[in-house]
Every structure is written in C-alpha cells, then in structure tokens.
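Protein chains: 4
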Amino acid sequence: MGKYDSIKQAAYEANMQIDAFGLVLFTFGNVSAADRNEEVFAIKPSGVPYADLAPEKMVIVDFDANVIEGELRPSSDTKTHAVLYKHWPEIGGIAHTHSTHATAWAQSLKDIPILGTTHADHLTVDVPCAPPMADEMIEGNYEHQTGFQILNLFEERNLSYKEVEMILVGNHAPFTWGGSAEKAVYNSAVLEQLAEMAYLSLQIDPDVSRMKDSLIKKHYDRKHGDDAYYGQ
Amino acid sequence: MGKYDSIKQAAYEANMQIDAFGLVLFTFGNVSAADRNEEVFAIKPSGVPYADLAPEKMVIVDFDANVIEGELRPSSDTKTHAVLYKHWPEIGGIAHTHSTHATAWAQSLKDIPILGTTHADHLTVDVPCAPPMADEMIEGNYEHQTGFQILNLFEERNLSYKEVEMILVGNHAPFTWGGSAEKAVYNSAVLEQLAEMAYLSLQIDPDVSRMKDSLIKKHYDRKHGDDAYYGQ
Amino acid sequence: MGKYDSIKQAAYEANMQIDAFGLVLFTFGNVSAADRNEEVFAIKPSGVPYADLAPEKMVIVDFDANVIEGELRPSSDTKTHAVLYKHWPEIGGIAHTHSTHATAWAQSLKDIPILGTTHADHLTVDVPCAPPMADEMIEGNYEHQTGFQILNLFEERNLSYKEVEMILVGNHAPFTWGGSAEKAVYNSAVLEQLAEMAYLSLQIDPDVSRMKDSLIKKHYDRKHGDDAYYGQ
Amino acid sequence: MGKYDSIKQAAYEANMQIDAFGLVLFTFGNVSAADRNEEVFAIKPSGVPYADLAPEKMVIVDFDANVIEGELRPSSDTKTHAVLYKHWPEIGGIAHTHSTHATAWAQSLKDIPILGTTHADHLTVDVPCAPPMADEMIEGNYEHQTGFQILNLFEERNLSYKEVEMILVGNHAPFTWGGSAEKAVYNSAVLEQLAEMAYLSLQIDPDVSRMKDSLIKKHYDRKHGDDAYYGQ
Chain E
1 MGKYDSIKQA AYEANMQIDA FGLVLFTFGN VSAADRNEEV FAIKPSGVPY
51 ADLAPEKMVI VDFDANVIEG ELRPSSDTKT HAVLYKHWPE IGGIAHTHST
101 HATAWAQSLK DIPILGTTHA DHLTVDVPCA PPMADEMIEG NYEHQTGFQI
151 LNLFEERNLS YKEVEMILVG NHAPFTWGGS AEKAVYNSAV LEQLAEMAYL
201 SLQIDPDVSR MKDSLIKKHY DRKHGDDAYY GQ
Chain Z
1 MGKYDSIKQA AYEANMQIDA FGLVLFTFGN VSAADRNEEV FAIKPSGVPY
51 ADLAPEKMVI VDFDANVIEG ELRPSSDTKT HAVLYKHWPE IGGIAHTHST
101 HATAWAQSLK DIPILGTTHA DHLTVDVPCA PPMADEMIEG NYEHQTGFQI
151 LNLFEERNLS YKEVEMILVG NHAPFTWGGS AEKAVYNSAV LEQLAEMAYL
201 SLQIDPDVSR MKDSLIKKHY DRKHGDDAYY GQ
Chain D
1 MGKYDSIKQA AYEANMQIDA FGLVLFTFGN VSAADRNEEV FAIKPSGVPY
51 ADLAPEKMVI VDFDANVIEG ELRPSSDTKT HAVLYKHWPE IGGIAHTHST
101 HATAWAQSLK DIPILGTTHA DHLTVDVPCA PPMADEMIEG NYEHQTGFQI
151 LNLFEERNLS YKEVEMILVG NHAPFTWGGS AEKAVYNSAV LEQLAEMAYL
201 SLQIDPDVSR MKDSLIKKHY DRKHGDDAYY GQ
Chain C
1 MGKYDSIKQA AYEANMQIDA FGLVLFTFGN VSAADRNEEV FAIKPSGVPY
51 ADLAPEKMVI VDFDANVIEG ELRPSSDTKT HAVLYKHWPE IGGIAHTHST
101 HATAWAQSLK DIPILGTTHA DHLTVDVPCA PPMADEMIEG NYEHQTGFQI
151 LNLFEERNLS YKEVEMILVG NHAPFTWGGS AEKAVYNSAV LEQLAEMAYL
201 SLQIDPDVSR MKDSLIKKHY DRKHGDDAYY GQ
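Protein chains in written order, with full-length UniProt numbering: chain E, 1 to 232; chain Z, 1 to 232; chain D, 1 to 232; chain C, 1 to 232.
In isolation and in its complexed conformation, chain E is listed as follows (with noise of 0.2 Å):
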C-alpha cells in the first residue's frame, strides 16, 4: 500500500464521475483530491482520455504545486487547485468541467441569479462570475494567477468558501469545490442544473427577479443550518 493510495482513489473516482455525469467533452475537465496531513493532493494526469485512466496514474503535488510523485504531466489546470488548496484550509477536493451551460454563462460573464429553492438548497447568493483578469496576468503565471482570481473575488464579495462552493471564471469556465472530491463534483453537476433552469427562466421572462430573502434562507437552513432536518 502507498502512502497516497487513497487520494489517488478518490481522485480517480472522482474523475471518472465527471465524465460520467455527462460534464465532460474528451479530456475538458480535472478533479483533484486533497490529504489534508500531508498537504498534497492527486490530480489528474493532463490530456489523458477518461478511458485510459486509472489511480496509480494520479499525479501527486504539493499545495506549492510540485510534483511529489508520478510518471505523468499533471493537469494543466494543478497550479490553480494548488493556490485554492493552500488558502482555504478547509476544502479536501476541487473539481473543473466545461459543462455546456455553466460554461455559457461564464462566457456571457454573467452570474447565475438564484431564481429558485434548488439553488436555494446549495447557496444562498448568485452563483459568482469572476471577471477576465488583467493582460499582465494573464501573460504571467496564468494558472497560478487564476488561482488569485478566485480567490479575490471571494474576498471582493465577502463571500466564504464554505459556504458557496462553486465559482464561474469569466470566458472560461465552472471550478467547484467542498469537503472532499466527491462533494467537489457533486457540486459540479448540481451547478449545470441551475445553469441551465436559470437559462431557462431567463428565457421564459427576461425580466425574472431573485427569490425572495426568507424563501433562500429557509431552503438553505433546512440542509445547511444548525437546526438542518434534510437526510439522515
């Protein structure tokens, strides 16, 4: 048995799940999973078909993103889980997709209103679209850079990363995250939803509005709060 025998398994399956749930379009999408005590997680290998996976070929990096273990290029994309793991003590596993309507969105450069109680059961604020960043980042350390991108509009909007576990990043696309690489991807296609039934409302009446405050509270209350009587 490895030492990271079990992240490499929970991120394989983690990665297997995306494409599964039908977020993925060939090799457009990376889960990771994090060991909180070793401070490293495993990656997907980049560019590697979903078929042609399996966990001892996950990559294994620090929250620096150096590459601890492995034969394989890690995803392109493992500077920008590095960056969210390392500042947010708390999350044990980040999932990215270009789901197509999550994706769209985030090409409109819009967020996503919360317009209904499934959006409500997850979040309580719009889904939040991070702006472009600057050329001069851009041309840098891009990845490690989109990293900082989201991370500042979380600080921008003094929105906690416990609490909303999804971001779009503007003309790209959808990184959720939570507990562990399982509740990241849960989060991915719980995000497609609401992508796509806020597409539709908008749809039906461009001029919908936001639910109101005490309906969001009370739907997130009831799975999140401290008196929550959602599941088991």
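If you're looking for bench data, these hints aren't it; they were derived computationally from the structure. Be careful, since some hints might not be right.
[Unchecked claim] List of simulated lysine-lysine pairs, DSS-like, C-alpha gap at most 30 Å:
#	chain 1	residue 1	chain 2	residue 2
1	D	Lys57	Z	Lys183
2	E	Lys217	Z	Lys183
3	E	Lys57	C	Lys79
4	C	Lys86	C	Lys110
5	C	Lys57	D	Lys218
6	E	Lys162	E	Lys86
7	E	Lys223	Z	Lys57
8	C	Lys86	D	Lys218
9	D	Lys218	C	Lys79
10	D	Lys218	Z	Lys183
11	Z	Lys79	E	Lys218
12	C	Lys183	C	Lys3
13	D	Lys212	C	Lys3
Go by the hints and put chains Z, D and C onto chain E.
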C-alpha cells in the same frame, strides 16, 4: 407480510421511476403512495440516493404527518404530502420533482399556457403556478404551509384536483398527483414535456396564443369525457 | 400465416422505431402500414404502451376506417390515417408523433422555414402547418376531419404528397408518410431534426432568411431528381 | 493485406465515431482518411447506414475524385474532400456532419464568435462561415465548387488550414479536418460543443463580446505553441 407492504412497494417503484425518467438529479424529488383505508402513506426517506432505496426503507406517515413506521427520517416535503392527502380524498399518490423545464417555469412564476393537444389531452387549463407565500408562512411551518399554498390556489381559481393533477410552486418546483403513485409519476413526466414544448413554442413566437376552446374540449373529452374513446 | 401478417409486422416494427428514436412519450404516437391490394392498413392499438406491443396486437382497418380484424380498439387517430390512405393512392405508411420540436412549431402555428440543405435534401418548401379547423368540424367527426384538414392544405398550397411527406397540424402535432411505414418513421425523425435546427437558427438570428432556390433545387435533385446520384 | 487496408480501417472507425458521438442522423455525414504517399483517400460509401458499414466497404478515391477501388459509389460529397486534399498538403482526414448546433449556425450564415477558452484551446478566431456560392457554381460542378468555396474563404480571410481546422458552409453544414481522420472527427465534436455553448451565451446576453486577445493567445499557446505544456 406487513400491513403496509403494498404501499411501500408502490412508493418504491414510483420513486425509482422518476429517476428512470430523468426527472430528478441526485435526491431532488420524492413520491408517496397512500392507503386510504389506513389513512397513511409511504414516502421516500430524506436524502437517500435512489440507488440505495428499497421498499422496506419507505417511511409510513399518517395524514397529520406523524411517522407511524420506519427507521429513517421521511422526505423533508412530507408535510406537504400529508396536507394534500388530508384535504383531497380521492388522490392515491403524489410526486414532487425538480424536473428541468417545469422548474424553470416555476422559477419564472408563470403558468404554462395551454398551446396544443398534448396539453389538452391531460387538462383543460394552463398549468397553474402558485405565487410564493408570505414571509411569515415561510418562516413558520413551511412544508405544511406549502400544502395550503397549493390548496389555496386551487380554491382561488376554482380548479378541481381531479381534473388538474399538477401545479408549479413558484420559485420552487412542480407537484403532481393522481389516483396512484404511478399516475402521479406519469403526470410529472407529462408536465415536463408540456413545459418543454410550451417553452419552445414561446421562443418560436413570443406572441403565441392559447389554443381554441373547442379543440381543448375535444381532446380532453376523448380521453376523460363520458364518451371517452381513447385507450382500451 | 395470416393474410395480414406482413403489414402487422411492418406496423409493429415501425411503432417500435418511433419509440426507439425518442419521438414519443408514453403512447403519444402511432404508425400504420398499408396493404394496397387488400385496401387495408395495420395500426397500433389505442393507448397500449410500446413495451406491451406485439405484431399480433396490431389492428386491421379498411380505408373507410372500419375494423376488419383485431381484438383491440385501434388508435384514436385511425380515421385520419384512413382518409389519407383513401385519397393518396401511393402512400404505404403513415406516422404520427408528438415529437418535441416539431410539436412546438405546430403549437406556434408556423411553417418550418427551409434554411439549409438537410431540409432541401428532403423537400423543397417550408414544412407546412395547417391552421386549426373550424369549431363545427372539431365538434363533429374530428379525426376524420383532421384527414381533410391535411388534404385541404395540400390542395390549397398546390403541394404534392409525393414530394412533401410531412405536415404540422396546428395546435396538435406532426403527421408524416411515405412509401412504407419505415419511410414514414424516417420522415418523422428527419422532421424533428429540421424543426430543432430551424428553431436554433431562428434564435441565433431572428431575421434568418430562406436559402436560395438554386441550392434547394440542387440538393433535392441530387437525391430525388432524374439524375439523382445520392445513395447506391 | 491490401494496399489500402490501413486507410480503409481508419475511415471506417472514424465514420463509426461520428455516429457514436451523436453527430449524425441516419447517413447525414461522412469521413475520409488519406494516404499521402499514394495520393488517395478512403471514404464512406453514399447513403449506406452506419450499422451496415465495414472497412472493406470504404471507397478508394484519388485527389481528382476518381474512384480507384471499391464496388460502392462514394459519398456524394467526395469531390469536396478531393479538392481539400489536393490543395492542403498536410491534412490526413476530413469529416462532414450535419450536427445540430453547428448546422444551425451555418443556416444562420453566422461565424461562431470566440467567447471562451474551450474555443481558444482549439483556434484563435471565430469559426468562419462561408457564404453560399453563386447560382452558376451551384448549378455546375457543385461538390467540386464546395471545395473552392472553402478554400476561397480561407484565402480571403488569410486563415491557415493548419491552425483553423473547421468551417461552416453557409446554408449547409460543417466540415472539419486534421492530421488524421480521427483528429477530424475530434474537431467535429469540439465544433458542435463550441456551437452549442456560443448559442447559449448569446441567448443569455445578446450583446456578449469576444474574449480578450491575451486570453485567446494564452490558451491556444499552452496547447499548440512552441512551449505547449498541455498533455503528455
């Protein structure tokens, strides 16, 4: 053989059907099946994935929403089901989903207009959308009040629950019902189809109008009238 | 071997095909196959789920809509099929579906404009949409009149049923036909595709215009003209 | 072993792939694979259903569109393939589909704007849409002229076929190409995804703008530049 085996089996199968029809993501839906003699219903346990369901995991609840039998917590929407069973004596099943297009209409707070015979084969009016309830009701006994939100709209609009077996709850999602749990699920699938087609028609022509009354009557009566001649 | 075994088999297979192609929800569709020598057709029994169909359950009906053989009641749309077979001597099969995009256009009472070669490969004009019939016809022998609603539009617009093998019945849904039941089903699948693509083109550019006549003619002729060179 | 077995196998597999990816309805598409040494390509026979294809049914054609080997008639679009192979010396495969969203853009006669990194990972410009050709060209050697319609647009816009491996033919449908038939099919699938996402972004915001040049360059270069670091 247990006293409630029959409704547990019916509720189990109907819950599996909403998943098979693609009407739910994860656990975002629930179906119940009633035993009118015993004045109880069997309902999905809260937050349990469909893949893990089994007839014996269904929870037995009475029409005042008291758990009668079962080790798991019932669906968080149980009180809504209870209110409908209590006030509508001739329904045997209720389904709740967050199906994509029906939920999009609910988020837009709009009735689904009756535009074609697929719709008129099932009901003669627009699919009603209940406006969000008042803040104090949301903050109070919310799921119980959701039942009354539905009942009140039917009373206000003078609709018969035996003729109109579906509703959109504004900013939330659809509920459907019928003589059995299986029929309730059928109605959820029909509603999703009506919602998608009305959405498309509206995109093709934003000024699309309701179909004529004579055609509505013809199609509804050939399936449901005294001289119905659809089916065997 | 029964006298009608061949058309029963053809009708059975074609009905299963509209289900396999995703063109029907539940029992919202029906296909028939004609025997021109016997002047009868085999058609789906009314309201029977596709999973329960079998060749021997097909109902044999003559061109005046009298049941000739079969224990089940034929499709509620049988009279429409009969009228078309009676008046159009060279068709061998008819399909009726409520496929999503074609039905959406029918609900909008709009012809599907000819925008590309996929369309022109099959017909040289917009897919016609018949306006709803007068109230007294609806209240009378409705399904019989639906046949004339179709015939009348073809006469009015001077269309040939051999060149245009599809129509939208306004506020209802499409009918398609062809030399065989299999061809009728092929046309239903093609129509759904044309309907979806025209819908999308219209969303991309609301002022999209019909394609040029020379291109229509070229594509239609390479498949159907005297010097056709498509296929083997 | 036959001289052309290798390209027949490649063409066969690539044709099956466009079907498996859901990019074609019935026989509305074709893929070819070239042997640059022999100056021939293997292409799908015209009008043969995908289920009936086999490597030995592929037709061998030279770059002047003469059939060299094969008992079936080649695809009706064969002359278009031949022109592209003849003029673009570094392509090894061509794919033609009528995929839903790409074809919808072609019907609208609009370029697909570059709105996000999924697009920029593959090309740095809008996906070009060639305007319909003049009537006399349509009436003449149409499929041969379609090749020039494509070549001319690339020349006019000063595009490189090695950097831009896809085009929309106005009022018709897309063509894609690449170093191999497999890569051409990959490009068809990517194009359909780009077309769908750009369509959705445009619906969400009709005034959506192209992404910034620095971000286009960054994403294209990390996959295709001298210092590319995507993949293994």
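Each hint, compared with the structure:
1. Between the alpha carbons of lysine 57(D) and lysine 183(Z) the distance comes to roughly 24 Å, so the proposed pair stays at or under 30 Å and holds.
2. About 33 Å separates the Cα atoms of lysine 217(E) and lysine 183(Z), which puts this hinted pair outside 30 Å; it is violated.
3. Under the criterion of a C-alpha separation no larger than 30 Å, the hint pairing lysine 57(E) with lysine 79(C) is inconsistent with the structure, at around 45 Å.
4. Of the supplied pair hints, the one linking lysine 86(C) and lysine 110(C) holds, its CA atoms being roughly 27 Å apart against a limit of 30 Å.
5. Under the criterion of a C-alpha separation no larger than 30 Å, the hint pairing lysine 57(C) with lysine 218(D) is consistent with the structure, at around 27 Å.
6. As the CA atoms of lysine 162(E) and lysine 86(E) are separated by approximately 15 Å, the hinted pair is consistent with the 30 Å bound.
7. A threshold of 30 Å between alpha carbons decides the hint, and for lysine 223(E) with lysine 57(Z) the separation of about 21 Å falls inside it, so the pair holds.
8. Between lysine 86(C) and lysine 218(D), the direct Cα distance comes to roughly 25 Å. Compliance with the 30 Å bound is thereby established for this hinted pair.
9. Of the pairs offered as hints, the one joining lysine 218(D) and lysine 79(C) holds, with about 15 Å between alpha carbons and a cut-off of 30 Å not exceeded.
10. Annotation: proposed proximity of lysine 218(D) to lysine 183(Z) is violated, straight-line Cα distance about 51 Å (limit 30 Å).
11. Pair hint lysine 79(Z) plus lysine 218(E) holds up; C-alpha atoms about 15 Å apart against a cutoff of 30 Å.
12. About 23 Å separates the Cα atoms of lysine 183(C) and lysine 3(C), which keeps this hinted pair within 30 Å; it holds.
13. Between the alpha carbons of lysine 212(D) and lysine 3(C) the distance comes to roughly 43 Å, so the proposed pair goes past 30 Å and is violated.
Checked against the numbered hints above, the structure breaks hints 2, 3, 10, 13 and satisfies the rest.
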